[in-house]
Structure formats: C-alpha cells, structure tokens
Amino acid sequence: AQSVTQLDSQVPVFEEAPVELRCNYSSSVSVYLFWYVQYPNQGLQLLLKYLSGSTLVKGINGFEAEFNKSQTSFHLRKPSVHISDTAEYFCAVTLSWGLTGGGNKLTFGTGTQLKVEL
Amino acid sequence: EAQVTQNPRYLITVTGKKLTVTCSQNMNHEYMSWYRQDPGLGLRQIYYSMNVEVTDKGDVPEGYKVSRKEKRNFPLILESPSPNQTSLYFCASSIRDRGHNEQFFGPGTRLTVL
Numbered sequence: 001a002q003s004v005t006q007l008d009s010q011v012p013v014f015e016e017a018p019v020e021l022r023c024n025y026s027s028s029v030s031v032y033l034f035w036y037v038q039y040p041n042q043g044l045q046l047l048l049k050y051l052s053g054s055t056l057v058k059g060i061n062g063f064e065a066e067f068n069k070s071q072t073s074f075h076l077r078k079p080s081v082h083i084s085d086t087a088e089y090f091c092a093v094t095l096s097w098g099l100t101g102g103g104n105k106l107t108f109g110t111g112t113q114l115k116v117e118l
Numbered sequence: 001e002a003q004v005t006q007n008p009r010y011l012i013t014v015t016g017k018k019l020t021v022t023c024s025q026n027m028n029h030e031y032m033s034w035y036r037q038d039p040g041l042g043l044r045q046i047y048y049s050m051n052v053e054v055t056d057k058g059d060v061p062e063g064y065k066v067s068r069k070e071k072r073n074f075p076l077i078l079e080s081p082s083p084n085q086t087s088l089y090f091c092a093s094s095i096r097d098r099g100h101n102e103q104f105f106g107p108g109t110r111l112t113v114l
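Protein sequence lines correspond, in order, to chains A and B.
Position 100 of the first sequence, counting from 1, maps to 100 under my numbering, and the rest follow consecutively.
Position 24 of the second sequence, counting from 1, maps to 24 under my numbering, and the rest follow consecutively.
Here chain A stands alone, though its shape is the one from the complex (with noise of 0.2 angstroms):
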C-alpha cells in the first residue's frame, strides 16, 4: 500500500521569504502525486497534480513542485509568499491508472501548516 510522509507539521516563515514544504512517498508501483490546500474553514483545494512528463510542475497561486523518484518525493516550493498563504497543506497520492483502485483513492499525508508572519 501507498503512504505519504510530511515531515513539518508546521512551517512559521516570514512574508516575502521562501517557503519549501516537505513531502516523501512510499509506494512500490508508480503513482500520482498532489498537493491541496486547506485554508481556514474551507475545504480543500487543488494546488498542483504531477501524473506524468516533466517533473516540475507549476501550480496556482504562484506554488511549484518537483518530482523526484530516486527519493521518493515531491515537495512543495515558493519562491517568496504573502499572508494569504496561511493555511495548511496535503500532499496525497493515488495509484497511477489501470492499477487496481488506481487513480482515484487518494492517500493524504498528515499535513503542513503554513503560518506566514510580517
């Protein structure tokens, strides 16, 4: 079975400043990979997916992610972050298609919160 490992449970970072939020996976066949964003009181939203191709993916609100199978992760990066990206963050992982309950299930890690301060 797939499993997903975030290391931070919290991330206090400075506005303007970088932002780097960890994501490790297990799995031992190939997977998708995502991460969604939670802000306060609201559900969650998609902020990237990485299927297949190239292994940066580019997600919105200004957020990226790299694909790196020979470590097993995908974490989440911006390169300067404002106070509106409070809120904590999922990375989840799903069979890639065609496997048995592939595509669809999601595993989710146990989360990152952001808290960008002045």
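Keep in mind the hints are simulated off the structure, nothing from the lab.
By construction, the Cβ of each residue, glycine as well, lies at the ideal position given by its N, Cα and C atoms.
Everything hinted at is true.
Here are the computed distance ranges between Cβ atoms for each label pair:
{"hint": "1", "chain 1": "B", "residue 1": "N7", "chain 2": "A", "residue 2": "Q10", "range": "31 to 41 angstroms"}
{"hint": "2", "chain 1": "A", "residue 1": "S70", "chain 2": "B", "residue 2": "K71", "range": "37 to 47 angstroms"}
{"hint": "3", "chain 1": "B", "residue 1": "G40", "chain 2": "A", "residue 2": "H82", "range": "24 to 34 angstroms"}
{"hint": "4", "chain 1": "A", "residue 1": "A1", "chain 2": "B", "residue 2": "N7", "range": "27 to 37 angstroms"}
{"hint": "5", "chain 1": "A", "residue 1": "H82", "chain 2": "B", "residue 2": "K18", "range": "39 to 49 angstroms"}
Chain A is fixed; fit chain B onto it per the hints.
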C-alpha cells in the same frame, strides 16, 4: 457552477442518535468518496463508490454506512454515533478518466457527538 455540496455544515448530536450527512455533486462524476479529517492524522478515507450501486470500504469504515442509489448523491450514515466520530467530514468526487484525477471536495461537515 460545478460543485460538491454537503448538508448540514455543522451538527451537534448525542451518542446513539442516527444521523445522515448528505453529499451531492452536479458534475456527473462516477467516483465519490467520504473522508474524515482529524488533527495530526490528515484525511482518511471512510468509504468510496466507483459508480451507482458500487461501494466499498476505505481505510476507516467502522461505524459508518453509505449508499449510492443515484449518480449525484452519496449520503454518509451514522447508525449509532459515538464521541470518537466527532470529526470534520469531507465528501469528494471525480471522473474516472485516464490522466484526470482531480478530486473536487465539498465544504465539509463538522460533527460533534456528545
């Protein structure tokens, strides 16, 4: 507007009183799923449905039931709620299509069981 709706958004109930949380999507999605979110545990899948009349257990199904009689609706039923089911619940839906795996989430239902 394409969306997933959940009702109610907030619910306080007592142990043992049966309740249903409704979920509806207007995107004609085949796949629907329920998750619960707990601090420090992230989101965990309760049940999912690949299509009408096709449902299966997720990672934490104990104490929950679901049904999928229509494509757009996927209610979550708690026959006898207990305090350990106090949580934030999310419904999600997606199409079943190669390479298109974005799941759309509802706004969440915050359930408190006393």
